[in-house]
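Residue numbers (the working numbering), protein chains in the order written: chain A, 21 to 693; chain B, 21 to 693.
If you are wondering where the hints come from, they were derived from the structure by calculation, not from laboratory data.
Keep in mind that the hints are not guaranteed to be accurate.
The list treats identical chains as interchangeable, and a pair is accepted whether it falls inside one copy or across any two copies.
The calculated lysine to any residue pairs, modelled on SDA-like cross-linking and capped at a C-alpha distance of 25 Å, are [unchecked claim]: (1) Lys55 to Asn123; (2) Lys55 to Asn296; (3) Lys608 to Val651; (4) Lys280 to Pro617; (5) Lys186 to Gln286; (6) Lys608 to Ser283; (7) Lys43 to Ala284; (8) Lys502 to Gly34; (9) Lys280 to Thr378; (10) Lys608 to Thr258; (11) Lys544 to Ile341; (12) Lys267 to Asp297; (13) Lys506 to Thr574.
Protein chains: 2
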Amino acid sequence: MHSGERKVGNGSSGAIAHRLAAKQQEISVTEFFEKNKHILGFDSRSKSLIMGIKEATDNALDACEEADIPPEITVTLERMEDEVFCICVEDNGPGIVHKMMPNVFGRLLYGSRFHALRQSRGQQGIGISATVMYGNITTGRPARIMSKIEGDDAVSWRMDIFIDTKTNRPIVTNDEAFVWEGKDHGTSIRYYIKGRYITGKQSVFEYLKNTAIVNPHAMITYRDPDGKTFVFERATETMPPKSKEIKPHPEGMEIGDLQKYASATQQKTVRAFLKNDFSRITDRIADEILSRAGVSGEGKPPKLTREDCKGIIDAIAAVKIMAPPTDCLSPIGETLIKKGLMHVLEGLRPDYYATPVTRAPKAANGNPFVVEAGIVYGGDIPSDGPVAILRFANRVPLLYQQGACAITKAVESVDWRRYGLEQRGGRGIPYGPAIILVHIASTKVPFTSEGKEAVANLPEIQNEICLALRLCARNLKGHLNKMERKSKTEAKFRIVRELLPDMAGKVSEMLDRPRPDLTGTISKIMNVVWIDSRVKKEGKKKVSVLYTVYNYTTQERTLRLHAKLPKECVNLSLFTDDRFLDMNDEGKVSWEISSLPPSRTAEISFELSGELADTFSPEDVYVSGINPIIVMGAEGLPGDWGIKGLEILETDTDIEEEEQTEDTEEAEDLGDE
Amino acid sequence: MHSGERKVGNGSSGAIAHRLAAKQQEISVTEFFEKNKHILGFDSRSKSLIMGIKEATDNALDACEEADIPPEITVTLERMEDEVFCICVEDNGPGIVHKMMPNVFGRLLYGSRFHALRQSRGQQGIGISATVMYGNITTGRPARIMSKIEGDDAVSWRMDIFIDTKTNRPIVTNDEAFVWEGKDHGTSIRYYIKGRYITGKQSVFEYLKNTAIVNPHAMITYRDPDGKTFVFERATETMPPKSKEIKPHPEGMEIGDLQKYASATQQKTVRAFLKNDFSRITDRIADEILSRAGVSGEGKPPKLTREDCKGIIDAIAAVKIMAPPTDCLSPIGETLIKKGLMHVLEGLRPDYYATPVTRAPKAANGNPFVVEAGIVYGGDIPSDGPVAILRFANRVPLLYQQGACAITKAVESVDWRRYGLEQRGGRGIPYGPAIILVHIASTKVPFTSEGKEAVANLPEIQNEICLALRLCARNLKGHLNKMERKSKTEAKFRIVRELLPDMAGKVSEMLDRPRPDLTGTISKIMNVVWIDSRVKKEGKKKVSVLYTVYNYTTQERTLRLHAKLPKECVNLSLFTDDRFLDMNDEGKVSWEISSLPPSRTAEISFELSGELADTFSPEDVYVSGINPIIVMGAEGLPGDWGIKGLEILETDTDIEEEEQTEDTEEAEDLGDE
């Protein structure tokens, strides 16, 4: 070891230790975030402007949903100077109690949702007050808050708020009651902020449009700096199922968490504590945990030692406990995934919408989460660039930090070459005519920073995203295979149907003999029932579908045809066909074609109208009541319609085994390189 | 506007507002970070282990440097259970005063460097206490701190520390004086932490190795879980120049910042405030700012209104103010960049080390920063994958979150096709046999999160990285062009030198005439002085260099040869050659070859030994004293050796104009997509 070569500066190292000690001091959380504005998302002027609108809009949506009020939100953006804007966001939420207004808007780390395990957009009590702070700092002006609560008291309140960064406390410079004409209840926040107004993918308009897509129960009005007004109308009158608050799930809990819960619990015994303070712990499970841990259930929870807690944690890992309840989550569902994809397409017409996947809920660090994914492919989606990735978390579109996001890392870690997309070396963002959408809903989305722009790379979450993507991709691959088979079969059939009569004609001409009728011969050669499916765009939101069934066999045939239609797009044309049998709640439709003679065709046609009409893939058609071996152009109906198309073919284990090289461990490490 | 369709939940919306108000509460910063562990870098077990070591090592290095003590750091990692480790990091720093120990290690947002504008690894007062907290939570055990300060008092202190997450205050469970045998001064921290031990690119070993490379003044000893000891010896006895604390630079300051400074200043007048509290504001500049802003210099700073502050901020933007002082920064420099690159190569031998670039300091949000970049190319670096990117910030290697980092985004935004690397569409990480290193030194590196893994995408910083990369890449391109020209010229010469005599031989044979001597003819045809440069690896750290000068002209020639050698690798073999003229401090060497007759050759050979020997590119050779037009294989000496090779060829403006399509604005937006 070296040891002697110390160079002494001004003072011995002992003096330095004392000098350093004198400099030690507390840092307020506001000072911290002021100095680290980029962690809040304020790292460029254009992003700051979006953040300003996003935080207020998230808050407005959360407030309305919490009060079961269909949200009506008006966002107004005014340009004051070249790079100074006034943002005003008004909602019809329940309003904020007068005395809480200063803390909610003027103090960081202050809020109502931090300790609650339920899905909401805002959680940390930072976003809106950080935005107020950023406005204060960049323009020197306060935020003006107006709020009205429903009730006897017709008075509304308005106040101007600064944040004191030294103390993290609000400074209210103006506080007055007023009459808010025509307003029953709601909140409005107006602040001035430095920002840059840009157009394109990361614009305010795009952010609000994407927000409207995944929040179809909200009506959002946007007045842009040029005075133009855009109204994103409500697409449904139904509020999303209200997410419930749950107790923490024991899985993934750390010793320290358990110690903290144990010292704070109201429960008198350890058994009661385990059973009542956590979700999915029954009496039986509590007993199993206690006996494995060798801990008495009758002791007082605060008396649990570190060793007791460790024992309990180890026992929890060993005991099988039900997955967390899911009613705390609100996935967006198949229809909204398709609509989200359709909106980005902006009129482009893809070939195929892969069946969107909504995974079963899982837990990460005790927080339940659900992953959803969708893919569109082909048509006139540009094929020469990397695929576009649309990211959503708790119904909020994520516009920035794509590279940092677990969603992107999951996309990059899938070997897309197996699923028909181009990808150099089987890693990285694939190339081709596709758009991928992923939504994560959770009681706690682990964002990489307070700007809430990217999901952190937790192994459990990344794994679920990968599985959702692979399921979706398999569906796509199945379609691509089907299309390839179809085009090959069609080519063969064309030869038989066209060339054979042609040849026969030529031969009979040469021999000067009458042209023979080959219909029977062709049927004998082919010996299939051929189902041709076509879709034709009739207008902006209208398509017509035609199934033609050719009986190229030598017998009369009876069969049923099945397809899953976007239910909301179905119109009268479907039901007037007397071969129509029934349609269930999910839009699964059956027709019966009975006694189709040899060499004859039957046609089923109907129209679909409405936004989702475009997402229908007629190739996904199934047959029953006939041996599927002699059917070309449709698959045999898999067992029962009650089972979803994909799940019956692919279990997680299949998917996981298929790509064993990409297990969680590797994904975690590689994803982060 | 819709308005009627409110569905009332349990209670009117007014009741809900009151219910929500009751839930509003303060969140402690510790609770916040406990729930958002991933923001601190604790998002996977393998990363958590690295974080545990990194935070303690950063602190140890900072403490030693602050006290001018050449660091001696010992890192011990013991495996307690499969995924539970004990980390111990001991340094020879100045030690920590007894009464400060609890707050430094047991309280978040508490530290000495937060308000100081100078380059240091730790800044926020979060890292080490967050690690203590993570250890507490995952294992239920306290951190044990031991510290000794130099001085009369021979007593050392040791204490066990927990963090109370509810209050963000330390809980000391054990506090005792002891005698630390053989220790003059220093600190040791030992904690238990859940983690996963992995090997490879993101291992503890790699982290410490990379740390040692960019901190050659430190000696780092690592004992791994298998009991193996690795010693990264000190490579230099010289401490890096101590970074100085500076005053804030006025550029990029926001109104709110100015208001805060003005209300806290000790200065009596606004003029004195501007002049004394900011860097680079002289009397003249203060007057210019005040007159432009229309603000009196004699007023009291706390009396400045918002409008005054706005005027001053606008004036600052309009007045030319010197760049921030640079003595607060400590770049790593050319030699360490090359060494860093060499270490990653692990014995691979590249063709070329592009001249590393250290940019002039710039400021972002008032914080000075310097960007440095280096590239190695070719040889046996694998050419079929994306290039490797090595990222450093304030001498700390960044191992995770590459996708989120401004360095990566800058690499992706450069069109590398112009510089000889493969890159689809001119965007994204290029492919090819290259490794890119970037270091950012700043008084405040804007990390995207508290895990300090990625640099946030501030436009000013990304722009500087792009410029550094392009300068480096141009140098690479110059080399590639030179190599291409050389190989073409060589091919032509081979034809002349070999084919011409061959043809003459054949012809004379056919004509049965004596074979003519073509030397003079060849010289006439060629009419060049040809310089051939070769380098041969002689051993692990030894190369021999050979310059051969062919005089293919018809006259006697005298010329000087110049090359820049890695000075520390030069040995006696260089000086024994009597054509050697001189070598300057930077390793620039000259030789003189006098009166070389036509058709004759001269050889200059020498050896280089030492670590950097491999980085020498013999092709970068220059000539003087001869018209460079008749020289092949070397360039004319550009003006004067005093001017660096690249700077004279490329100014920022050239570079910026060259790629005008990639201006800051676009880089900012695209980088974030």
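Okay, the hints, checked on the actual structure:
1. Taking the shortest Cα distances, Lys55 and Asn123 sit within 25 Å of each other both inside one copy (21 Å) and across copies (21 Å).
2. In the homo-oligomer, the alpha carbons of Lys55 and Asn296 lie at most 25 Å apart only across protomers (22 Å), although the nearest pairing inside one protomer, at 42 Å, exceeds that limit.
3. Taking identical chains as interchangeable, the C-alpha atoms of Lys608 and Val651 lie at most 25 Å apart only when both belong to the same chain, with a minimum of 20 Å there against 81 Å between chains.
4. Taking the shortest Cα distances, Lys280 and Pro617 never come within 25 Å of each other, neither inside one copy (76 Å) nor across copies (89 Å).
5. Proximity of Lys186 and Gln286 under a CA criterion of 25 Å is satisfied inter-copy only: 17 Å between copies versus 36 Å inside one chain copy.
6. Proximity of Lys608 to Ser283 under the C-alpha cut-off of 25 Å is found in neither arrangement, the shortest distances being 54 Å within a copy and 70 Å between copies.
7. For the homomeric pair Lys43 and Ala284, the shortest alpha-carbon distance between copies (18 Å) is at most 25 Å, but the shortest distance inside one copy (36 Å) is not.
8. Taking CA atoms no more than 25 Å apart as the test, Lys502 paired with Gly34 passes in neither setting, with 78 Å inside one copy and 57 Å between copies.
9. Taking the shortest alpha-carbon separations for Lys280 and Thr378, neither the intra-copy value of 34 Å nor the inter-copy value of 50 Å comes in at or below 25 Å.
10. When the C-alpha separation of Lys608 and Thr258 is checked against a cutoff of 25 Å, the pair qualifies only within one copy, where the shortest distance is 23 Å, while the shortest distance between copies is 77 Å.
11. Taking the shortest alpha-carbon separations for Lys544 and Ile341, neither the intra-copy value of 60 Å nor the inter-copy value of 91 Å comes in at or below 25 Å.
12. In the homo-oligomer, the alpha carbons of Lys267 and Asp297 lie at most 25 Å apart inside one protomer (6 Å), although the nearest pairing across protomers, at 52 Å, exceeds that limit.
13. With identical chains, the CA atoms of Lys506 and Thr574 are at most 25 Å apart within one copy only, with a shortest distance of 22 Å there and 77 Å across copies.
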